[in-house]
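Enquirer: In case you want the letters, here they are:
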Amino acid sequence: MNNIQGKAWKFGDDVDTDAIIPARYLNTSDPEELAKYCMEDADPGFARKVKVGDIIVAGKNFGCGSSREHAPIAIKAVGVDCVVAPTFARIFYRNAFNTGLLILESAEASAAIADGNEVSIDSTTGMIKDLTSGLEFQARPVPDFMQKLLDDGGLIQHWRKRLMEK
Amino acid sequence: MAQTITEKILAFHAGLKAVEAGQLIEAKVDVALANDVTAPIAIDEFEKLGVKTVFDNERVILIPDHFTPNKDIKSAEQAKLVREFAQKHDLKNYFEIGRVGIEHVLLPEQGLVLPGDLIVGADSHTCTYGALGAFATGVGSTDLAVAMATGRVWFKVPETIKVVYHGKPQAWVEGKDLILYTIGQLKVDGALYQAIEMTGEAIDELPMYGRMSMANMAIEAGAKNGIIAPDEITLDYVRPRAQRDYTLFASDPDAAYCRTIEIDVAAIRPQVAYPPSPDKSRSVDQAAADNIAIDQVVIGSCTNGRIEDFRLAASLLKGRKAAPFMRLLIIPGTPDVYRQMIKEGLTEIFLDADALISPPTCGPCLGGHMGVLAAGERAVATTNRNFVGRMGHPESEVYLSNPAVAAASAIMGRIATPEEI
Ligand code: SF4
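Chain order of the listed sequences is Z and Y. Residues 327 to 492 in the working numbering are what the first sequence lists, from first letter to last. Residues 3 to 423 in the working numbering are what the second sequence lists, from first letter to last.
No lab work stands behind these hints, which were simulated from the structure alone. Everything numeric in this text was worked out from a predicted model, so none of it was measured. Just to be clear, a hint being listed does not mean it is correct.
Cβ pair distances, simulated, as ranges [said to hold, decoys possible]: (1) Phe327/Y - Lys362/Z: 52 to 62 angstroms; (2) Ala258/Y - Ala433/Z: 44 to 54 angstroms; (3) Ile263/Y - Phe471/Z: 41 to 51 angstroms; (4) Ala252/Y - Gly442/Z: 46 to 56 angstroms.
Mimicking EDC-like on lysine to aspartate or glutamate, the simulated pairs with C-alpha atoms at most 16 angstroms apart in a straight line are [what the hints assert, rightly or not]: (5) Lys474/Z - Glu422/Y; (6) Lys50/Y - Asp478/Z; (7) Lys320/Y - Asp281/Y; (8) Lys90/Y - Asp58/Y; (9) Lys189/Y - Asp339/Z; (10) Lys158/Y - Asp477/Z; (11) Lys164/Y - Asp58/Y; (12) Lys76/Y - Glu359/Z; (13) Lys323/Y - Glu422/Y; (14) Lys90/Y - Glu49/Y; (15) Lys333/Z - Asp470/Z; (16) Lys76/Y - Glu358/Z; (17) Lys76/Y - Asp356/Z; (18) Lys19/Y - Asp254/Y; (19) Lys82/Y - Asp58/Y; (20) Lys487/Z - Glu422/Y; (21) Lys282/Y - Asp339/Z.
To give an idea of the chain Z side of the interface with chain Y (calculated C-beta under 8 angstroms), a few residues [as the list claims (entries may be wrong)]: (22) Ala345; (23) Cys390; (24) Ser393; (25) Arg394; (26) Glu395; (27) Met453.
Ideal placement from N, C-alpha and C gives every residue a C-beta, glycine not left out.
All chains, full assembly: derive it from the sequences and hints.
Expert: What follows is the structure, encoded as C-alpha cells:
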C-alpha cells in the first residue's frame, strides 16, 4: 500500500476517542462491529457515507482522551487508511502505528484541504496531494524508530522477530 | 547531570545513569495493567507473539471494572476472555467481582503500585499513580500485550512542565478543583507528549486522595504522565499497604523544565468544567449563576471514588434529600471503600438522601451502564471526562466537579455552591 487516494472528510480540533468510537460500543472488540459506529458522535452516519480509500483530515490533537485501541481499529475497519492532522494525542499516536493505521502530521495540509476534496497520499514519502486544488504538502517525517517498527510489520512482528532470535 | 523525577525513574528502569528529554529508551515495567475493555485486544495480540507465559504473574494485573457486573451478553463474553486468560496464566492479581474495584482506586489501595515504579496500563487514567511518585502512563492494547509478554516498553523521554501551587486553598476547594483549574489554563493539548510535575506548598499539604484526583487528570491536558514527588504523606499511605520494596525519587533542584507555571491556590474557587471538554472550567459561582438544571448526579469514579470523597459528599447530604426528579448515584471505588462507608454510617446518610448506591464499577462514567443519560439530560459528575456522549446520548451533557459541589447540586436540583447548603 504505497498510494492512498480518496475523498477528504474534515473534522475539527481535539476529536476525542469518545467521538471516534463511543464507549457504549466497547463491549466488543470485533473490528466490523466497531466500524459501524466510527465517528458516530462527531458525524452521525459517517460509517455509511465514507468509502474505502477515503481520508480523514482533522485539526490538532486528534484522538485525545482514552487509550482505547478500538479507535484506530474502527477507523481502519471503516475503510479509512490515513488520518492527516497537525498533531495527534500521544496514546493514539502509538496505537495508530501499532495497529497499522497511517497517520501523517501536517498543519498546512490540515488547514488547506477542504471537505470533499480528492486527495492522494504516498505512504512511503509522506507526500500529500490535494488533487482538487493542486496543492502539495510534505508531512513531517516518521521518526526512525517508528519507521523501523513499520518496516518490521508493526510492534508485534518486531517483537516476534526479537523473541525468535533469542 | 541534573534530572527531573520523571527522568530519574525512566533512567533507572532503562538501566541508564541518566536520560534526557527526546531520548528513546526501552524500559522495564513494574506493573502492566488492563481492564475488561482493553484486555481482550491485548490478549489477542499477546497470542500472536508466540510466547507461552506472561513476564511475571504477579505484575500483570487484570481488572474487570468497566462493564461489570456484566451488563449484557457481549460484555459477559469479553469478561470471560479476561477471566480465562487470568486462570490460564495463574495471575495473582486478577480481581473478580466482589473483590474488584475501579482499577485506579484499587491498585494504590491494595499496595500494588508504589513510589518509583514504572507502570503501564491499557487505560488512559493509569497516570493516577503518579500521585505516589511513580512514572505511570496509559498505552494501547498492543503496547500492553508486549509489556505482558516481555516486561518491557519503549518510550520517548518527555519534557516536563512544572506547575507550582502556592498558598492555601479556600474552603471546599479540593485537589479536583486545582487540576480542573490547571487544565483550564493548559487546555486539552497543553501538555501533549509532556510530563506534568506538581509541586508547591499546596501540594505539600494535600492529602493522598486529592493528589490522586490531580494526577488522574493529567491526561486531560494531553500529558504522558502527572507526577508528585513522594513525601511523608505518601509514605504514611504506602507503608501499611506496600507488598514489595519501593524507591523514592525526587527532582534535582537544577533540573530542566520546558515550562514553569505558577498558580495562586488561594484565588481559586471550586471549579465546574462545562461540556464538552474538561478544559472548559469556570468557577462554581459562575455555574450557579447560570442556573443549570440537572437530571442526575454521579459521585464516584477513579477521580473521586475514595472514602474521603464520600465523607465530603455526606457532610452536605446528611439530613437532606436529593431534589425530586433528580437521580443521585453513589459509586464507591472499591469494596474496602464500600465497607468503610458502611462502618462510618455514610451509606445510611446516602440512603436517607434517596441516593442509589451502586457496586464499585466504572458504570456511568463512560456511559456504560448503571445510569446512562437520555437525549437532552444533564448530569453533574465527579468523573474526569465530559466529551460529547460520554455518559450516554450524544445530546446529553456532563458537568465535572468535586464531590461537595456534586452533593450541593444534587440537593438543589441545579448546579449549586456548597455554601448554599
Ligand atoms: S472510572 Fe471512568 S475514567 Fe476511571 S477508569 Fe473507569 S471509565 Fe475510566
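Enquirer: Each hint should be assessed against the structure and marked as holding or not.
Expert: Hints versus structure:
1. Phe327/Y - Lys362/Z: 52 to 62 angstroms: violated, 35 angstroms
2. Ala258/Y - Ala433/Z: 44 to 54 angstroms: Taking Cβ atoms as reference, Ala258/Y and Ala433/Z lie about 27 angstroms apart, which means the hint is violated.
3. Ile263/Y - Phe471/Z: 41 to 51 angstroms: violated, 31 angstroms
4. Ala252/Y - Gly442/Z: 46 to 56 angstroms: For Ala252/Y and Gly442/Z the Cβ distance comes to about 54 angstroms; the hint holds.
5. Lys474/Z - Glu422/Y: Judged against 16 angstroms, a Cα distance of about 60 angstroms means the pair is violated.
6. Lys50/Y - Asp478/Z: Judged against 16 angstroms, a Cα distance of about 14 angstroms means the pair holds.
7. Lys320/Y - Asp281/Y: Measuring from Cα to Cα gives roughly 32 angstroms; hence the hint is violated.
8. Lys90/Y - Asp58/Y: Answer holds: Lys90/Y to Asp58/Y is near 13 angstroms, not above 16 angstroms.
9. Lys189/Y - Asp339/Z: holds, 12 angstroms
10. Lys158/Y - Asp477/Z: violated, 19 angstroms
11. Lys164/Y - Asp58/Y: With Cα atoms ~34 angstroms apart, Lys164/Y and Asp58/Y exceed 16 angstroms; violated.
12. Lys76/Y - Glu359/Z: holds, 11 angstroms
13. Lys323/Y - Glu422/Y: Status holds; Cα separation ~14 angstroms.
14. Lys90/Y - Glu49/Y: holds, 13 angstroms
15. Lys333/Z - Asp470/Z: The given pair, whose Cα atoms are some 29 angstroms apart, is violated under the 16 angstroms limit.
16. Lys76/Y - Glu358/Z: With a Cα-Cα distance of about 14 angstroms, the restraint between Lys76/Y and Glu358/Z holds, given a limit of 16 angstroms.
17. Lys76/Y - Asp356/Z: holds, 11 angstroms
18. Lys19/Y - Asp254/Y: Satisfied, since the Cα-Cα distance of roughly 14 angstroms is no more than 16 angstroms.
19. Lys82/Y - Asp58/Y: Roughly 21 angstroms between the alpha carbons, so the hint for Lys82/Y and Asp58/Y is violated.
20. Lys487/Z - Glu422/Y: violated, 64 angstroms
21. Lys282/Y - Asp339/Z: holds, 15 angstroms
22. Ala345: Where the cut-off is 8 angstroms and the nearest Cβ of chain Y is about 6 angstroms from Ala345/Z, the hint holds.
23. Cys390: holds, 6 angstroms
24. Ser393: Status holds, d = 4 angstroms.
25. Arg394: holds, 7 angstroms
26. Glu395: holds, 4 angstroms
27. Met453: violated, 25 angstroms
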